[in-house]
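Student: Once you have looked at the hints, place chain S on chain G.
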Amino acid sequence: MTTTTAPAPAAENRTPSPARKQAGRKALLHWIAVHSLGVAAALFFVLPFVFVFLTSLMSDQQALTRDLTPNSWHWDNYVKVFQVEGFLTWWRNSLLYAGLGTVLVVVSSIPVAYALAKFRFRGRHLSLLLVISMMMLPPQVIIIPMYLFWAKQLDLSGTLWPLIIPMAFGDAFAIFLLRQFLLTIPNEYVEAARIDGCGEFRTLIRIVLPMAKPGVAAVALFQFFYSWNDYFGPQIYASENPGAWTLSYGLESFKGAHHTDWNLTMAATVLVMAPVILVFFFAQKAFVEGVTLTGVKG
Amino acid sequence: MSTDTLPAKAAAAPAAASPGGRNTLRSKRRRNALRTLAFMSPWLIGFGFFFAYPLVSTLYFSFMRYDGLNPPTWRGVENWTYVFSDLPKFWPAMQNTLWLAVVMVSCRVVFGLGIGMLITKIKTGAGIFRTLFYLPYLAPPVAATLAFVFLLNPGTGPVNSLLEAVGIPAPSWFNDADWAKPALTVLAVWGVGDLMVIFMAALLDVPKEQYEAAELDGVSAWQRFRYVTLPNISPIVLFAVVTGIIGAMQYYTQPIVAAKVASGVMGGSGATFQPGYPDDSTLTLPQLVYSLGFSQFNYGAACVVALVLFAFSMAFTALLMRRRGGLIGSGD
Chain G
1 MTTTTAPAPA
11 AENRTPSPAR
21 KQAGRKALLH
31 WIAVHSLGVA
41 AALFFVLPFV
51 FVFLTSLMSD
61 QQALTRDLTP
71 NSWHWDNYVK
81 VFQVEGFLTW
91 WRNSLLYAGL
101 GTVLVVVSSI
111 PVAYALAKFR
121 FRGRHLSLLL
131 VISMMMLPPQ
141 VIIIPMYLFW
151 AKQLDLSGTL
161 WPLIIPMAFG
171 DAFAIFLLRQ
181 FLLTIPNEYV
191 EAARIDGCGE
201 FRTLIRIVLP
211 MAKPGVAAVA
221 LFQFFYSWND
231 YFGPQIYASE
241 NPGAWTLSYG
251 LESFKGAHHT
261 DWNLTMAATV
271 LVMAPVILVF
281 FFAQKAFVEG
291 VTLTGVKG
Chain S
1 MSTDTLPAKA
11 AAAPAAASPG
21 GRNTLRSKRR
31 RNALRTLAFM
41 SPWLIGFGFF
51 FAYPLVSTLY
61 FSFMRYDGLN
71 PPTWRGVENW
81 TYVFSDLPKF
91 WPAMQNTLWL
101 AVVMVSCRVV
111 FGLGIGMLIT
121 KIKTGAGIFR
131 TLFYLPYLAP
141 PVAATLAFVF
151 LLNPGTGPVN
161 SLLEAVGIPA
171 PSWFNDADWA
181 KPALTVLAVW
191 GVGDLMVIFM
201 AALLDVPKEQ
211 YEAAELDGVS
221 AWQRFRYVTL
231 PNISPIVLFA
241 VVTGIIGAMQ
251 YYTQPIVAAK
261 VASGVMGGSG
271 ATFQPGYPDD
281 STLTLPQLVY
291 SLGFSQFNYG
301 AACVVALVLF
311 AFSMAFTALL
321 MRRRGGLIGS
331 GD
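Keeping their order, the protein sequence lines are chains G and S.
Here the UniProt record's numbering is used: the first residue of the first sequence is 1, the next is one more, and so on.
Here the UniProt record's numbering is used: the first residue of the second sequence is 1, the next is one more, and so on.
If you're looking for bench data, these hints aren't it; they were derived computationally from the structure.
Predicted, not measured: the structure shown is a model, and the values here were computed from it.
All residues carry an ideal CB built from backbone N, CA and C; glycine is no exception.
It cannot be assumed that every hint is accurate.
Short derived list, chain S residues pointing at chain G, Cβ under 7 Å [as the list claims (entries may be wrong)]:
{"no.": "1", "residue": "K121"}
{"no.": "2", "residue": "L138"}
{"no.": "3", "residue": "A170"}
{"no.": "4", "residue": "A201"}
{"no.": "5", "residue": "D217"}
{"no.": "6", "residue": "T253"}
{"no.": "7", "residue": "V261"}
{"no.": "8", "residue": "Y299"}
Derived pair list, reagent style SDA-like, types lysine to any residue, alpha-carbon separation capped at 25 Å [as the list claims (entries may be wrong)]:
{"no.": "9", "chain 1": "S", "residue 1": "K208", "chain 2": "S", "residue 2": "P235"}
{"no.": "10", "chain 1": "G", "residue 1": "K21", "chain 2": "S", "residue 2": "S295"}
{"no.": "11", "chain 1": "G", "residue 1": "K26", "chain 2": "S", "residue 2": "T229"}
{"no.": "12", "chain 1": "S", "residue 1": "K123", "chain 2": "G", "residue 2": "V106"}
{"no.": "13", "chain 1": "S", "residue 1": "K123", "chain 2": "G", "residue 2": "K152"}
{"no.": "14", "chain 1": "G", "residue 1": "K213", "chain 2": "S", "residue 2": "E212"}
{"no.": "15", "chain 1": "G", "residue 1": "K152", "chain 2": "G", "residue 2": "I164"}
{"no.": "16", "chain 1": "S", "residue 1": "K89", "chain 2": "S", "residue 2": "T229"}
{"no.": "17", "chain 1": "S", "residue 1": "K123", "chain 2": "G", "residue 2": "V39"}
Chain G on its own, in the form it takes in the complex (with noise of 0.2 Å):
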């Protein structure tokens, strides 16, 4: 809030003419108000991460109190949450499930995008619908045979694969978004690929995808957060064992586990988080492009 008042005492400064003074006042009581407005708003938006933080800083007795900031820094929560059975055993699943999963997820939907967006053939518009109708299927309308499949056909409750090698045959969400994103590469380079005799495979690896590198990784951002946030799939494939559960699923007993201890259930919580967002400080560009991608262009 300090920061809008400060540019006020320019106002102060009496300069030429009353009508053009008038406009520099106008456009100063706007920047004052539209940066008050963003003040605020970030102030909802960041204020639960603070709070979270200050949280997990605390000691056991004082995050049942209703103190905002901690009386001493207990930094050592942190390391208390790595000793925590099963904690780590969560992160490794988890980084099993994200990584693995978006590694297939890339390399099998890559092909069907780009037949999608670069070939013409029959029934190619019924695909793209039935690819759209696929990404917006809720997961619990097929998840009955689904489960009943990977646990009573091919016993594999309680483990991650039942997630993981789904991923292998394309995702709808990642083959809409990267069809989407190789619609904007020019046919030219395709048709000038081809006439010099070059196959179609090689056409996509060597001159495609470099020139598709942003999309490619919009969609590994959002599959790897799609796994790592998930928690549906853990609870119905591995909720039975615990060495199979994954952080987003194990979060959550944590609570349970450590009944009254809010400052390691929020210790918990920021690790929770901060893989996801250092990923993004790192990648925001991609990031932003591909929200705007399915939402927008055209």
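Tutor: Showing chain S alone in chain G's frame:
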């Protein structure tokens, strides 16, 4: 809808002249078809196995009595009549889902548009503001929900401390049946960063000349919004509303985690936990599918609810496709 690939078309002209051309054309077509098939194959398998088969299977199980242990037996429409007339939790779940689709989605769209407009007006430190507004969207849902249950905790949460400090009577949020859904709405509005980005891009695309013309006519700020901004961004507003509703049909993680943590009923398996706390006020259709199927092992009834969910989301997907065909892009 052209059936040929681009090179095949080029070959079509000489084909008529030379007798051998027809064969070349046909083999070229076959080769192209095989190539398309090869490129599409991961998804063709995925579509069949993870969409078509389970969907048909869900329909099949909706007519069966099945508990996962005994072999399924034919039950006709009994599951359907059970869900619609005898299952006490069905209508609360339906009402909650509709409430969320209407209130949560409209709050998110209005707030997202407001923040989107604000960010286009901010001149100093726009990048920092945009990042701060966007960050909550990235917070993992379980972590964000846990944080909000703590922040809105009636006893020790900082929000109620602040509210009471300024003399506003503080509600019990996730522990009060009347306030649990508004609390979830606050959480959803906090994560409005995706809509902000979409609206921001749309607002920057509004032609400047239209604002200049409006300025010459001396219109008020509201009129400028109503007659220039809104008509230009209405397709994006519609997109945000429809995708928001489709999202509401899948709304699962936040309510179930909030209910579990706020009620204090824990444990990983979820078998003992009945979602919807307090008093079914946060029970949604996806959670009902889960609890019917995986707590009560009534797969038949769970499949009926799943199909209701399917009907809703496909109806809105169809609406989205109809009204925003441009979203897909022709690809030509």
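Student: The structure should be examined with respect to each hint, and the outcome stated for every one.
Tutor: Verification of the supplied hints:
At its closest, the beta carbon of S/K121 sits 5 Å from a beta carbon of chain G; the interface hint therefore holds under the 7 Å criterion. The restraint placing S/L138 at the interface with chain G holds, with a minimum CB-CB distance near 5 Å, inside the 7 Å limit. Evaluation of the S/A170 hint against chain G yields a violated restraint, the C-beta minimum of about 12 Å exceeding 7 Å. Proximity of S/A201 to chain G holds as hinted, the smallest CB-CB distance being about 5 Å (cut-off 7 Å).
Here the hint on S/D217 is broken, as its CB sits about 19 Å from the closest CB of chain G, past 7 Å. Because the smallest distance between the Cβ of S/T253 and any Cβ of chain G comes to about 4 Å, under 7 Å, the interface hint for this residue holds. Checking S/V261 against chain G by beta carbon gives a least distance of about 5 Å; that is within 7 Å, so the hint holds. Here the hint on S/Y299 is kept, as its CB sits about 5 Å from the closest CB of chain G, short of 7 Å.
Annotation: proposed proximity of S/K208 to S/P235 holds, straight-line Cα distance about 18 Å (limit 25 Å). Our distance criterion of 25 Å between C-alpha atoms is broken by G/K21 and S/S295, whose separation comes to about 71 Å. A threshold of 25 Å between alpha carbons decides the hint, and for G/K26 with S/T229 the separation of about 22 Å falls inside it, so the pair holds. For the proposed pair S/K123 and G/V106, the alpha carbon gap of about 38 Å is over 25 Å, so the pair is violated.
With a C-alpha separation of about 59 Å, the suggested pair S/K123 and G/K152 falls outside the 25 Å cut-off, and the hint is violated. With a C-alpha separation of about 38 Å, the suggested pairing of G/K213 with S/E212 is violated against the 25 Å cut-off. For the suggested pair G/K152 and G/I164, the alpha carbons sit about 17 Å apart, so the restraint of at most 25 Å is met. Between the alpha carbons of S/K89 and S/T229 the distance comes to roughly 43 Å, so the proposed pair goes past 25 Å and is violated.
With a C-alpha separation of about 13 Å, the suggested pairing of S/K123 with G/V39 holds against the 25 Å cut-off.
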